[in-house]
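Participant: Positions 35 to 287 (my numbering) are the ones given, in order, by the sequence shown.
Misleading hints may appear alongside valid ones.
[What the hints assert, rightly or not] Label pairs and their calculated CB-CB ranges: (1) Ser-184 to Gln-112: 50 to 58 Å; (2) Thr-216 to Gln-112: 36 to 44 Å; (3) Asn-255 to Ala-83: 43 to 51 Å; (4) Pro-188 to Asp-141: 17 to 25 Å; (5) Met-103 to Asp-141: 19 to 27 Å; (6) Leu-155 to Glu-243: 16 to 24 Å; (7) Leu-82 to Ala-140: 48 to 56 Å; (8) Ser-156 to Thr-127: 15 to 23 Å; (9) Asp-248 to Asp-281: 35 to 43 Å; (10) Gly-128 to Ser-184: 13 to 21 Å.
I should point out that these hints are in silico values taken from the structure, not numbers from a laboratory. Backbone N, C-alpha and C define an ideal beta-carbon position, used for all residues, glycine too.
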Amino acid sequence: MWKQPISDKVTVIIGAVFFLALVISAWVPQPCPWLRHEIIGCPVKPVLAPLTPEQQDIQRVPHQDILTMYGFFQVPAQDYRAETHIRFSYRQTGKPQIVYLQIKKADGTHSIALVTHPLLLSLSWPAVTSPSIRLYQQSPTYTSLDQFSSHLPPATELAADPVAAAQYNLDSHQYTSLDTLTSLSGIKYILTTYSPPQMDGGWSLYDQEFNLQDAAVDRQNQIEGSLYFPNARANPQPFLLSTVHIDYTKIRK
């Protein structure tokens, strides 16, 4: 009877051991099994470049990227809402945009304030202010908003955002819409609900008080709101919005 040579048996045993070692080493948790490294090599992981200071600043604030005309949010409601603070952080990564804060009411969604506008970001004009309105003046003319409302300047010299114009019952022929302007050439007065934000690194901090007593409240006791970007289609870069917080100054009147 023919017997397999001992050398052949040794070869088979060595091959089996080699294969078994390869299988085991592949399952052992290590960056690269030594046997695999010796036979076929291991993939080299790419070395990631460190984050830039700007990237680090962006990542430290949880946020959503908004590329559409609306960024929606919900906040909890309470019965007394006449003194309500709305707070959030935002950051513009592309061309500065026009942004309005909106709240859903029983008869539809309404803008309640201008959050930011490209022409107002670096404006240094003096302003007469109230809790919800600012009147910027190229040269001081009015000492109060009451004086302004009693003696309006020419429409060609007055720019206003729609929310501010509505609060003062201005007809469209009494002012120039701030949303249509690309420069302030010829404008001497700006009536607006915009308020310059505080800065936290590259983030703008928005914190304003509103009367939300007429806001619609859904069955989950939530108020629906949004940020509205009328020119979003012209800007391919995202607008970064943090979580929107709401603070009620008082539980009841």
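Participant: Are the hints correct? Go through all of them and say.
Facilitator: Going down the list of hints, with the structure as the test:
1. Ser-184 to Gln-112: 50 to 58 Å: This hint is violated: roughly 38 Å between Cβ atoms.
2. Thr-216 to Gln-112: 36 to 44 Å: holds (42 Å)
3. Asn-255 to Ala-83: 43 to 51 Å: holds (47 Å)
4. Pro-188 to Asp-141: 17 to 25 Å: violated (33 Å)
5. Met-103 to Asp-141: 19 to 27 Å: Holds: the Cβ-Cβ distance is about 21 Å, inside 19 to 27 Å.
6. Leu-155 to Glu-243: 16 to 24 Å: The hinted range 16 to 24 Å holds for Leu-155 and Glu-243, with Cβ atoms some 22 Å apart.
7. Leu-82 to Ala-140: 48 to 56 Å: This hint holds: roughly 51 Å between Cβ atoms.
8. Ser-156 to Thr-127: 15 to 23 Å: holds (18 Å)
9. Asp-248 to Asp-281: 35 to 43 Å: The hint (35 to 43 Å, Cβ to Cβ) is violated, given that Asp-248 and Asp-281 are roughly 19 Å apart.
10. Gly-128 to Ser-184: 13 to 21 Å: violated (41 Å)
The structure shown violates the earlier hints numbered 1, 4, 9, 10.
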